[in-house]
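Engineer: Sequence:
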Amino acid sequence: MRFLFIGSSVLFVLFLYFFFSFNTKAKQLSNAKKQEDREKRLQFAKKANSLKWAWIVALIGVLISGVFTLQSKGAKTITMPHLHGLGYSSDGQRIMIPSHDGLKVYSQGTWSEASGEKHDYMGFTTVSNGFYSSGHPAPGSNMKNPLGIVKSSDEGKSLEHLDLYGEVDFHLLNAAYNTHTLYVFNPEPNTRLKTAGLYYTMDETKTWTKSEMNGLTDEPVALAVHPTNDAIVAVGTKKALYLSKDSGNLFEKVADLQVTALSFNQQGALFIGAYKQNGELYEMDPATKQMKEITIPVLVEDAAAYVAQNPVNDKELVFATYKKDVYLSKDKGINWTKIADQGKGM
1 MRFLFIGSSV LFVLFLYFFF SFNTKAKQLS NAKKQEDREK RLQFAKKANS LKWAWIVALI
61 GVLISGVFTL QSKGAKTITM PHLHGLGYSS DGQRIMIPSH DGLKVYSQGT WSEASGEKHD
121 YMGFTTVSNG FYSSGHPAPG SNMKNPLGIV KSSDEGKSLE HLDLYGEVDF HLLNAAYNTH
181 TLYVFNPEPN TRLKTAGLYY TMDETKTWTK SEMNGLTDEP VALAVHPTND AIVAVGTKKA
241 LYLSKDSGNL FEKVADLQVT ALSFNQQGAL FIGAYKQNGE LYEMDPATKQ MKEITIPVLV
301 EDAAAYVAQN PVNDKELVFA TYKKDVYLSK DKGINWTKIA DQGKGM
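The sequence shown: position 328 = 328 (our numbering), numbered continuously.
Since the hints were made in silico from the structure, they are not lab data. Owing to the predicted nature of the structure, the values given are computational and were not obtained by experimental measurement. Do not rely on the hints blindly, as some may be mistaken.
As the list claims (entries may be wrong) - Derived lysine to aspartate or glutamate pairs resembling EDC-like cross-links, with alpha carbons at most 20 Å apart: (1) Lys194 to Glu204; (2) Lys238 to Glu160; (3) Lys206 to Asp169; (4) Lys194 to Glu212; (5) Lys144 to Glu160; (6) Lys245 to Glu280.
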């Protein structure tokens with residue numbers, strides 16, 4: 001927009017200069033008696049008239065681009081000191097990223113901050129009617145610390161406290177997008193969950209069931225739940241990818257790789273962030289265990305920490321890295337646009 005403002009300004013000056021020049025020449029020949037001079041006056045007048053409209057259009061361009069330039073200069077730069085999750089609004093219009101100082105929103109090429117208190121959300125997971133999360137309250141908030149498990153149906157403007165308020169901060173928390181069955185890795189015993197481990201609830205924390213976790217021997221670093229068949233759970237560790245089809249009672253190792261991110265899409269495909277020599281991204285069919293690699297920008301000593309697909313447009317895919325870069329694709333990985341660089345919105 002700044003270049004449009006400069007270009008419009010240059011054209012405005014040039015058009016205005018030539019308008020006055022030709023207009024002056026036409027006036028000088030206003031009393032001309034020779035046919036040749038009268039024809040020149042007519043030509044000068046026509047050119048002046050054309051240039052009059054040209055400089056008026058250029059002036060409008062200067063005013064419009066100037067307003068947008070001033071607005072862009074006055075806009076607040078969005079920064080994310082930490083990235084604690086990633087997800088889309090239910091209508092697919094907004095990407096939401098929880099950070100240490102509140103929820104950041106990306107929509108139609110512009111970054112902004114969500115309404116509501118700037119809570120330090122952890123275990124952030126979007127569902128069909130909002131999001132679930134854990135974490136810590138914003139500075140100055142009257143809420144207890146930690147948040148336990150909370151739910152929002154208005155993108156963070158208000159929170160509903162579900163369970164373990166003031167007791168637990170869940171870092172690994174995920175929910176089935178459509179059924180809202182919620183899974184958590186409980187870090188230590190508390191008043192509701194008597195031992196550490198994997199638990200799930202099908203009634204928004206009214207009752208909990210502990211998964212047996214047979215076959216899962218490594219420490220989990222990523223968790224994802226199938227959007228409709230909520231008995232299907234994926235867990236990633238630094239050594240392998242595991243899949244369960246019975247609510248986490250029995251896990252099967254399906255791949256030997258360092259998992260960094262997991263996310264199911266609406267069709268039930270599993271997106272897998274991984275790290276080998278560089279960061280990589282895969283899509284897997286849980287039924288066949290077949291994996292295909294998605295081409296992404298080269299991530300040197302970095303990897304996808306979170307990944308999500310637009311719930312209403314399966315061609316749109318976004319991932320955020322450990323170095324706080326965020327990449328967006330509108331064609332399912334053929335082309336990528338960086339929308340945040342080291343935590344700074346672009």
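Engineer: Each hint: holds or not?
Structural biologist: Going through the hints against the structure:
In summary, the hint linking Lys194 to Glu204 is supported, as the alpha carbons are separated by about 18 Å, within the 20 Å threshold. In summary, the hint linking Lys238 to Glu160 is not supported, as the alpha carbons are separated by about 34 Å, beyond the 20 Å threshold. Between Lys206 and Asp169, the direct Cα distance comes to roughly 18 Å. Compliance with the 20 Å bound is thereby established for this hinted pair. Taking the CA atoms of Lys194 and Glu212, the gap is near 14 Å; set against the 20 Å cutoff, the hint holds.
Restraint check for Lys144 and Glu160: the C-alpha separation of about 13 Å stays at or below 20 Å, so the hint holds. This hinted pair does not check out: Lys245 and Glu280 have alpha carbons roughly 25 Å apart, beyond 20 Å.
Checked against the numbered hints given earlier, this structure breaks hints 2 and 6; the rest are met.
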